[in-house]
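*Asks:* Model the full structure from these sequences, guided by the hints.
According to the UniProt record's numbering, the sequence shown is numbered sequentially starting from 1.
None of these hints come from the bench; they were simulated from the model. Please note: incorrect hints may appear among the correct ones.
What follows is a list of derived Cβ distance ranges for each label pair [claimed, not checked]:
1) S708 / I831: 28 to 38 Å
2) D335 / N422: 50 to 60 Å
3) N590 / N536: 43 to 53 Å
4) E987 / A879: 31 to 41 Å
5) N316 / T296: 16 to 26 Å
The beta carbon of each residue, even a glycine, is placed where N, CA and C say it ideally should be.
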Amino acid sequence: MLLLSKVDADLLQLKDSAVDENVINLYLGNSENGISHGVKNSDDDIRSSFASTVELSNSNHISYHLSMANTVITLYPVEKNLFNKTINLFLPEPTMNQHHTLTIQEFNGCLLINTILQNGIYLLIELPLKYIFSPNERLDHDWFKAFNPYDFTVRVPHLLFSVSPQFLVAFLDDGGLLGLKQLNDTDVEPILFNDNSYLQSITSLFSGRNSHRSEKAVSCILYEQRYLVILTQHCHLRIWDITTFSLVQDYDFSKEHHFENVDISSYENPGRFMSLFSNYLMVYLPFGNGIFEIGTLTPGGRGRINFTSKGVFAANLSSSSIWSLVDMTLLKPLDLNLTYSYANLVVLWKSGTVSKLQILNILDQDLQAHEWIEATNRSLSDIESEQDLNVNSDAEKGLFNLKSRYESRLFERAQKILNENNIIMLPGESELMDYLANLETVLKDLKSKSDEVSSLTIYRDEIILVNSLQKYNHSVYKTNTPLENIYYNIHSELNDDELTRYLKTLHGFSSTISKDVLKDVSERFIGIVSGAVAGNLSPNEKFTDIFKTCLENKFELSNLKLLFNELSSFDIIPTLNEFIENNLEPSVVNPSEFVDSITMDSLATVVTLEGLRQQVTIQRHFVLQILLTFAFLDFDFTAFEKQITSLLDYHFKQSLFLELFNIDKSLLAKELLTRTTDHGCGINLLSYTELHNYLKYALSEFYESPISMSPYFLGFYKSFILESGVSNKQNLLSPKFLLQNVGWPFHVRGNKVQEFLIATILFSCEQYGQAFDYFHLHDYPDTIADSLPDCLKELQDNDSSSIWAPLIFSFTVPYKHSSFEYELSLLFADIGNYEYALKSIKRSIEYSMKDISIDEPHAFKQAQIVQYLDLLFYFGMFAEALDVLRLSPVLSREVKTNYYRSILESTQQSGPFFATLLKLCHSNDKGPLYLPPDDYQIIDKIILSHSRENNWTNLKKLYSFRVVNKHERSAVEALYEYVQKAGYDPETKRKCFLLIINTLSTFDDEQDQWLLNGCNIVTLGELKAELRRL
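*Replies:* In structure tokens:
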């Protein structure tokens, strides 16, 4: 039975893409460049050859990796300050026999690293813990020491074991043991154990005979701080007294189990083949398909230690499979809700990149009765990844699914691999889907490799933590909830209770319906809660509508009949009540049942977030299957109203949670931690019980949040819309999918605040037509001003820099309708959508004209008219613009002058505007003048300034403007002044005189037929005489 499930704990999930890791490179043996600082680059993504963690005295953990052909040791904290510092130690030579000659431990406030290099140098590295954990702490120069205490090139070590910080033991290939005692900072004393291994090696060297392989140690543990318990290559258990350096016990497992053939039953390499808990020793033996033997270590006479075998357990692996033991740990019983449990052995296996975790549960202290507990060795995320590209050829959705599924580091590497193989993204849906199929294949391969296991850590004495060969990548095996047990054991044949049988029945039927159909049905159930499904239908009619639109002709009738027959054996209402009460309803959990963290704990946060996602996914799986059956049934809704209403609400919230998770895991984690922990930093991951308590508490808090205005949705809205402003092409993805996956399906129809939020999201996603419609769906200034969520109320502060702040602030002023439309117009204009900007400013002015009892500040009125004028001029609506300029009482003379000058000096618009101006002035020929005196003077002054450039075209404009505005005399005076200037050809002068004479001739009274030239009067006759002289 599967009682544990794998939870991915990739610490990079919480990485802020804007923050680079602080990587410190420490070079040993390079005095000129001993320390360098930098940020992570692609080379850091190379997989390690080994990875593990070391627990510190303060219960924190440091992960260490050996990579780059065993020449680089990488260190980083597992819980805290992950991106504050990662340390790379560059060794001058590779380590001898990979990680087997590398030990790491804590001592006196430092992390001690001991290793033997291939050139025989014994190296000691000492890094202060405060240097590892602090981003700003500096390292002094005396942080490593190199020794040459023994000629390791003659007797080669293959394993190094730490007895204490000052005393280590090197196990040699010839079977010998060499103690390395740190006397002081400059001296290491070699101590040979009392054996004849050296003489045997010399004898074999001269005789040509191979030494007995049983002498070579493959695993070692320390007992009672005095005895080295060693397992040799040929399955001998040897116990050494390190006070006398003598052998006190030699136990031959091969003889006990009749496997004396050393060529068949032996270990290939050193490993974790023994585990000690109290005085119980568990040993893995490579006999047959693998066996585990448990015994006790007890003191005997004369300083001897006896091993007494108590039980033998065959490995629970198929004989056809090839698995290698990675790690194992004997410990107290885990919280697996088992009836009997005396001790547990956690075993980690590997076959290629595939891993398997098992638990040997020893039932009682007789150490005979036992059972094997299995775990789910693929995370739920990996299981669900099969559906990522099941998107009905929607390539954009498929790309989003892949980006939300895989960590950005893997995604970038996969794209790089495709580019190197000339596989690029081409336009066209089919081409994009082909590219995504290739991308998914590479991503799955990279994910499988990054998940390859290296070692096992029992975190905080209980939680199973697996270390992967990819840096920052771990996984936790979590004990299952009862509902998770049903889900993961859905196909097992056990003595099930009523609820389990019911859920298995529903699962069997729903598995015959395609995923696409189930997705459509789920969306319709969400629509029932949100109001997207017609609200005028009765509950029964809504389910009937779902059947007709989504399910009809999409199932086998025989499967439905089988379902009905099986359901007839259940008492449905009590079963549903049990399901809801025991698995969905908020649990009463006191925050004292888990421990808050005062600083951000990276591992705990990732595990809790992934654990929540797993629980919500599984809950939603069964809730949807239950609701699905009601779409097929002709039932009395009143009999099931309470249960169905509750299930619909849970399905709505579960779907919302998962969509938010897919969009931004880090942001969802932030929102959850803020609302469920005192410091907003999550919990301390201390035990499975506390983990489950927190998951219950957090999930209860999420489920108790309102449907109409979920604070979690508002958190995303604030981050993606209010704080980021209008999206550009580069960052459009998140707001767009926030709209498509969350905003649109989950907003409650008719809820005015939510529909206002939808309007702003539509605007941010560049869907301006729909945004304009939603901004005018309700009378927002009157209806939502007092019910705004806090994230919008905060924008009413004058210090807010959000683009939405002025719009929200408009709700607080007396003239809120006109102000609201004015701010909308500015928003549309700022992003270049002048059509809706013009519509909005017109509505603003209409409100101002209609609500004349409301006093508007002069500055607002002028800004309003200025915005209107800007848009009118943009669209070339010169007649309307002139009406505003002429008739608006709020425009100052300076503003008018600036507008007239700007348009008259415009290269593109000057001509059309001036033509419109002349036409309108001429159209009022028999009525009052079109332009007020002040406007006439402004324009005339501008045109006159242009005509002084002695440009004939500008002069004609001045003449025309003055004539149509009934200023004929000043018009001809401008012409006469022009012809008086020297240098013009006779023909141009003739044209001017003809215009002047013809204009003055239109005056009825001969006494008026004159013009002024300076202080002199020039009559019509004199002008005609001048014309004749030309």
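*Asks:* Hint by hint, note whether the structure agrees.
*Replies:* Comparing the hints with the structure gives:
A C-beta distance of roughly 29 Å is found between S708 and I831, which places it inside the suggested range of 28 to 38 Å. Hint check: D335 to N422, Cβ distance near 53 Å, so the stated range 50 to 60 Å holds. For N590 paired with N536, a C-beta distance near 45 Å keeps the hint of 43 to 53 Å intact. One distance hint, 31 to 41 Å for the beta-carbon pair E987 and A879, holds here, with the actual separation near 36 Å.
A beta carbon spacing of about 24 Å between N316 and T296 agrees with the range 16 to 26 Å that was offered as a hint.
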